[in-house]
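**Student:** Here is how the chains run, residue by residue.
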Amino acid sequence: MIAIFLAATAFITLGLMLNKNTFVNYSLVLVYLALLWGFIFLQYRQLNVLQYDFFRTDSLAILILFAMGVVSIPAFFHGYRYIYTRKEPPRSRGFFFGAMVALLSASAMVYMSNHIAATWVFVEITTISASVLVYHHRNIKALEGVWKYVFISTISITFVYVGILFLSLSLKHAGVTDLSFDSLYANVNNLNPFWLKLSFLFIFTGFTVKLGLVPMYTAGIDAKDKAPAPAGALLSSVIVNVGFVTIYRVYSVVARTPLQHWANTIIIISAVLSIFVATVYMTRIKNIKRMFAYSSIEHAGLIMLGLAAGGIGVYAAILHVFLHTFVKPALFFQYNQIYRVYQSKSIYDMGQYFKYNKYGAIALLLAFFSATAMPPSGLFISEFLIFQSLFEAQHFLILIFVLILLTIVIYGFGSNVFKLLFTPPVNFDESTVPRVYPWESFSQYILLALAVYFAYFPPELFVNLLQDAVRLIPVN
Amino acid sequence: MLETIVIKAIAVPWFLSYVIKRNGITREAEPYLPNFVSLIIVTLIIVITIVLSSAIDDVNLNKTYFVVALSTLFTGLYLIVSRKKIITHIIGYIVIENGVFILSLAVGNEMPVMVNLGIILDIFAGVLLLGVFFNKIGDVLKDPEATVFKNLKD
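Chains as they are written, first to last, in my numbering: chain R, 1208 to 1683; chain S, 5 to 158.
Possibly wrong hints are sitting among the right ones.
Claimed, not checked - If you want a taste of the chain R side facing chain S, the calculated C-beta under 8 Å gives, among others:
1) Arg-1252
2) Trp-1354
3) Val-1357
4) Phe-1358
5) Ile-1359
6) Thr-1361
7) Tyr-1368
8) Val-1383
9) Ser-1387
10) Ile-1473
11) Ile-1475
12) Thr-1490
Said to hold, decoys possible - Chain R stretches covered by chain S per the calculated footprint, using a threshold of three residues with CB under 8 Å from any CB of chain S:
13) 1421-1435
14) 1549-1558
To be verified - The following label-pair restraints were derived from C-beta to C-beta distances:
15) R:Pro-1400 to S:Leu-109: 15 to 25 Å
16) R:Asn-1346 to S:Ala-15: 25 to 35 Å
17) R:Asp-1556 to S:Asn-139: 32 to 42 Å
18) R:Ser-1234 to S:Pro-35: 47 to 57 Å
19) R:Tyr-1644 to S:Asn-139: 58 to 68 Å
20) S:Asn-155 to R:Gly-1382: 30 to 40 Å
21) R:Ser-1638 to S:Tyr-22: 45 to 55 Å
22) R:Ile-1611 to S:Val-10: 19 to 29 Å
23) S:Asn-66 to R:Tyr-1259: 29 to 39 Å
24) R:Ile-1611 to S:Ala-15: 49 to 59 Å
25) S:Ile-14 to R:Thr-1384: 45 to 55 Å
Simulated from the structure, these hints should not be mistaken for laboratory data. Idealized CB from N, CA, C, for every residue including glycine.
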């Protein structure tokens, strides 16, 4: 089934890139969406079955796959609106959708991968397909963004490869060469701790480029800034999840060894620094798209804090990743309509958004509340649980520090969003404002509502899958 | 092994020389630090890796390869941070790649053939992509000596 899926993805990607007919293009996109959902459904039927030696859809994978499937629908829809309103030529449209298809399929493979080398291969494919999306505008700034993204990503992925080599060395002490996660779990007591330590350091550093943590977060910021907003939405949800799933799986191996405490320290340092960096930039940033991107850094830091704190924190981390997949794209999808009104990314050129696009403004306001985890938002639950886990793990200083930082983030984020929504813009020519339709904001409402639904009224199946995913990390 | 020879010894060098010729890049390396200082630093890197690896006691590890691999890796990183030209950054990346390849010999691991092929293809795709974008940089900037980008920032 995976082979069929990958073959169909390759076929659709090639078809999109080569064919210039509008009807064929959009048909292929719709066929892909149907294929993706069919695939996710069939994977759910085959839960925990080993496929082709390298893949196994466990509870974590199916949860993230489902979130990806949900986000992919509005991503393609807003991609269509983006291409349509800008009247882009067929060639650039084909590359845009083709790269999106490749990105989604490669990410799906990463979630399902049961072998660390297979993970590596598909993570690299996500980089390559994302680079096409970042370079969409083909101008000098897009070139700079894509250059930095590809370069930092390839260096990071090389780090991961070094980490995998050290891991194989560590595994050799157990007399095994099979690098699948099953085999790692089975031989966890015989792993050589020295090589495992080095391996975790390298793999963690490498995958931070996808999750968006210190030290490698910079590439992602430029990429999300220069990529078209629908692609930016995927970069800050699907790709962030790629980083999370990979780090989670490697951590689940380390967590079964006495090195867990050491690994937690590494993760906490990286997470707190990430939140700190995000805070510093979000208070002084004037480019609204980059501000959304920095907000992802902050959430990635919180997720990792939950993971490192353990206990309920692991549950909260997965829940946070899941909900963040809905909330962050809502902001990015709304961004395009903002840009169409003001023709600028700078907060100085914006204002009184309520006047020009009422439904969009409400969507943005709700998305702001959601992204800053204020109580009606779904992320409030997961963030609250993360803080609870920090409290239970007795990381009081970290807890206080992070809470102060988050307050500053809300201030920075809020002052920009409220300026955009309410303050009248300076020197703004109203006559050029195009008509923005209310239904373009519809998907944002749905996404935000889904985040609330899954946080406050979780279906039993969802909770069971979540608890099963948490079991990958042993309780001690 | 064959795929490694084809990709690393034939395809990548050929492609890079094509990129260099197409963009008319000259030999000046324009380092941030004088070459003498670089020489000292790279020597230090090698000495430190020798000292480090002598502290490791592992029968599964080929020490000679390990020293070469680690020092190559860090030299590559040093090349990237100490040079201004973008083409030198690509070469630094390839130096790192070569270090990683020797590291895989040092640990003597056996990856499944399919995975190995995927890895080597990905590396090639990475270099190819960097080269293609480098060509674009040369076209857009009209400057064969393209140096670092400084536009995207906060």
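**Student:** All hints are to be evaluated individually against the structure, with a verdict given for each.
**Tutor:** Verification of the hints:
1. Violation of the interface hint for Arg-1252 (chain R) is found here, the shortest Cβ-Cβ separation to chain S being roughly 26 Å, above the 8 Å cut-off.
2. A distance limit of 8 Å between C-beta atoms decides the matter here; for Trp-1354 (chain R) the minimum to chain S is near 5 Å, and the interface restraint holds.
3. For Val-1357 (chain R), the suggested interface contact is upheld, since its CB lies about 6 Å from the closest CB of chain S, less than 8 Å.
4. The closest approach between the C-beta of Phe-1358 (chain R) and any C-beta of chain S is roughly 7 Å, which is under the 8 Å cut-off, so the hint is satisfied.
5. Given the 8 Å rule on beta carbons, the hint for Ile-1359 (chain R) is violated: about 10 Å separates it from the nearest Cβ of chain S.
6. About 4 Å separates the beta-carbon of Thr-1361 (chain R) from the nearest beta-carbon of chain S, less than 8 Å, and the hint is met.
7. For Tyr-1368 (chain R), the interface hint holds, since its Cβ comes within 8 Å of a Cβ in chain S; the closest pair sits about 6 Å apart.
8. Annotation: interface hint on Val-1383 (chain R) violated; nearest CB of chain S at approximately 11 Å, more than 8 Å.
9. Because the beta carbon of Ser-1387 (chain R) sits about 10 Å from the nearest beta carbon in chain S, more than 8 Å, this interface hint is broken.
10. Interface restraint check for Ile-1473 (chain R): the shortest CB-CB distance to chain S comes to about 20 Å, outside 8 Å, so the restraint is violated.
11. Checking Ile-1475 (chain R) against chain S by beta carbon gives a least distance of about 25 Å; that is not within 8 Å, so the hint is violated.
12. Annotation: Thr-1490 (chain R) was flagged as interfacial toward chain S, and the flag is violated, the nearest CB pair being 11 Å apart, outside 8 Å.
13. Remark: the segment 1421-1435 of chain R is confirmed as covered by chain S, as 3 of its residues place a Cβ nearer than 8 Å to a Cβ of that chain, reaching the required three.
14. Counting residues of the segment 1549-1558 of chain R whose C-beta lies closer than 8 Å to any C-beta of chain S gives 0; at least three are required, and the coverage claim is violated.
15. Under the hint 15 to 25 Å, the C-beta atoms of Pro-1400 (chain R) and Leu-109 (chain S), about 24 Å apart, fit the expected range.
16. At about 30 Å, the CB distance of Asn-1346 (chain R) to Ala-15 (chain S) agrees with the hint of 25 to 35 Å.
17. At about 34 Å, the beta-carbon gap between Asp-1556 (chain R) and Asn-139 (chain S) stays in the expected band of 32 to 42 Å.
18. Checked against the hint of 47 to 57 Å, the C-beta distance between Ser-1234 (chain R) and Pro-35 (chain S) comes to roughly 54 Å, which is consistent with it.
19. Taking the beta carbon of each, Tyr-1644 (chain R) and Asn-139 (chain S) are about 41 Å apart, not inside 58 to 68 Å as hinted.
20. Checking the proposed 30 to 40 Å range against Asn-155 (chain S) and Gly-1382 (chain R) shows it is violated: the Cβ atoms sit about 53 Å from each other.
21. The supplied range of 45 to 55 Å is met by Ser-1638 (chain R) and Tyr-22 (chain S), whose beta-carbon atoms lie about 51 Å from each other.
22. Our hint of 19 to 29 Å for Ile-1611 (chain R) and Val-10 (chain S) is violated, since their Cβ atoms are close to 56 Å apart.
23. Hint check: Asn-66 (chain S) to Tyr-1259 (chain R), Cβ distance near 32 Å, so the stated range 29 to 39 Å holds.
24. A C-beta distance of roughly 53 Å is found between Ile-1611 (chain R) and Ala-15 (chain S), which places it inside the suggested range of 49 to 59 Å.
25. A hinted range of 45 to 55 Å for the beta carbons of Ile-14 (chain S) and Thr-1384 (chain R) is inconsistent with their spacing of about 29 Å.
Hint compliance for this structure: hints 1, 5, 8, 9, 10, 11, 12, 14, 19, 20, 22, 25 are not met, and every other hint is.
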